[in-house]
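Enquirer: One letter stands for each residue in the lines below.
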Amino acid sequence: MSQTFGAYGGRYVPETLIPALDDLEAAWASLRDDDAFRAELHELGTSYGGRPTPLTRAARFAPDQRVYLKREDLMHTGAHKLNNALGQAVIAQRLGKRRIIAETGAGQHGVATATVCARFGLECIVYMGSEDIRRQAPNVERMKLLGAEVRPVEFGTRTLKEATSEAIRDWIANVDDTYYLIGSCVGPAPYPEIVRELQRVIGREAREQFLVAEGRLPEAVVACVGGGSNAIGMFYDFVPEEDVRLIGVEAAGAASLSSGRAGVLHGARSSLLADEDGQIMDAHSISAGLDYPGVGPEHAHLRDTGRAEYVTCTDDEAVAAFHRLCKTEGIVPALESSHALARALDCGAELVAVCLSGRGDKDLAEVLAQ
Amino acid sequence: MKTLVVYLMAMPETPELARVAVESGADIVELGFPFSDPLADGPVIRRAGERALAAGMRTGRCLDVLAQTRTLIDVPVVLMTYASIFDAYGWEKLERDARDAGATSFIVVDLPSDVRPELRRVQLVAPTSTDARLKLAADATDGWLYLVTVTGTTGARADLAPTLAPLAERARAATDAPLYAGFGISTPAHAHAAAELVDGIAVGSRAVEAAEVGPAELGRFVASLRDALDGK
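Protein chains in written order, with my numbering: chain A, 1 to 370; chain B, 371 to 602.
Below, a sample of chain A positions facing chain B; criterion: calculated Cβ distance under 10 Å:
#1 12
#2 14
#3 17
#4 22
#5 155
#6 161
#7 162
#8 263
#9 265
#10 266
Source of the hints: derived by calculation from the structure; they are not laboratory data.
Positions of the beta carbon are idealized from the N, C-alpha and C atoms, including for glycine.
The following block holds chain A by itself, in its conformation from the complex (with noise of 0.2 Å):
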């Protein structure tokens, strides 16, 4: 197995975790392939996320043309993180680790976690920045109702930059009982690659959606990027389809891939925003979700292969999309996912598959107050 992406990705992280990197990386590859694993996943997908997730189409929204939305919004918890978490729950028990930390932003993939955790009987701590937790103040509500355990990170810029540094201290702590479950496609080896296989799911229905509904492929697939989980599941199996762009779309104040520079951070390297000593920058953008200066490192193989393209949004352009949304197609967006819906308007193509990669009900209250 590879741990890197072209210049990217690797293990850049202390040596107390690299045996636990090795003994997840040993577990991935038996895993990865193995029938009765895969048909566990399947049917948890099925039974409990409530997959398969519909493709629908956007017609009020994009009168000029045609474009679908693939509904992660649907799923059970109301973002694509739960593929993601189902699917790393599984692997920490095979590992025999019962005690699951993790990162969040926007809290999505917190309340993701503890929903798992709670399905499955695990410990559930989460660590996120107090600033964060002021802007998603439902979700930490929702993680503790799940029973989870919150710890705020009160230090640096207290947003998920920070609350994923904690989340790695922990585990160098305590690594002989804990399972870190990360995220997004970021961090050491093997993670993106974990990541990547457990959020393929995204993109392997919509492709098959989407050629039931237009009989052909999209011209273009659309996804939001912050550390890019929803757009590498959702791109995945249509990088082999040379003909159709795949563009991720950044937040304008977090443009890791568009304005960033080669670094390393919380155990990868990556395209990061960094000064020119490799001293990490602050991120900004009014979606918790994309707050985030770092992205996957197969995203930044991807743009330098020229095979995807990044492009930005800016808050009040995704604030607009969001709003328009609402009101042509009767779905509440979430704020990550308006910056890919403000770019699939416009990126010039007709046919358009996008990734509605999370439900806006979190979002309401930054929202309404703009």
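The hints should help you fit chain B onto chain A, whose structure is shown.
Expert: Just chain B now, with coordinates in the frame of chain A:
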């Protein structure tokens, strides 16, 4: 005679602090170049890094501090930092410029021993390291092997970690290189107890705290460790 390694964060006043530390009994100085996201560090060194960055201690100025330190002391000086700093500056360029400024070796906390072996450096091993990884690190290390006493980040603890003794025993079986223990060693009592097991100790967080008080406090603290190591 046991070896005493003292860690200091690179700041404008660090050359003078390093001189005091060596005068008070330090045999090796680790000079930290701050990084914004130090995964292996507990609160004390993390905050020291934040202060250093706020004071403008980017790589270029850190190299100046290293060069000034070199003019004041003649013991080994080890540049200790994170991979992002090397990656941004250029791995070979930083190694060359740091050696030109007087660094004798390197520690890159988040660079596992099998990655970039061409950068000769002091390797770290942990209680979780398998025997195979211990051997890998021991064979690659530059001069001495750094034993991380705890499964955790840097920072003071009440007691010397019980995980050090079995780690030291396994490391002895793997290498003839000197073994110095660090992470969680902060008091003369720890130093004394660790000296029974290993050839030296590295003290970080408590030294950084003493250095923040001033040269006199750092000198007293380092001397107390020296006495404990020497059995006084």
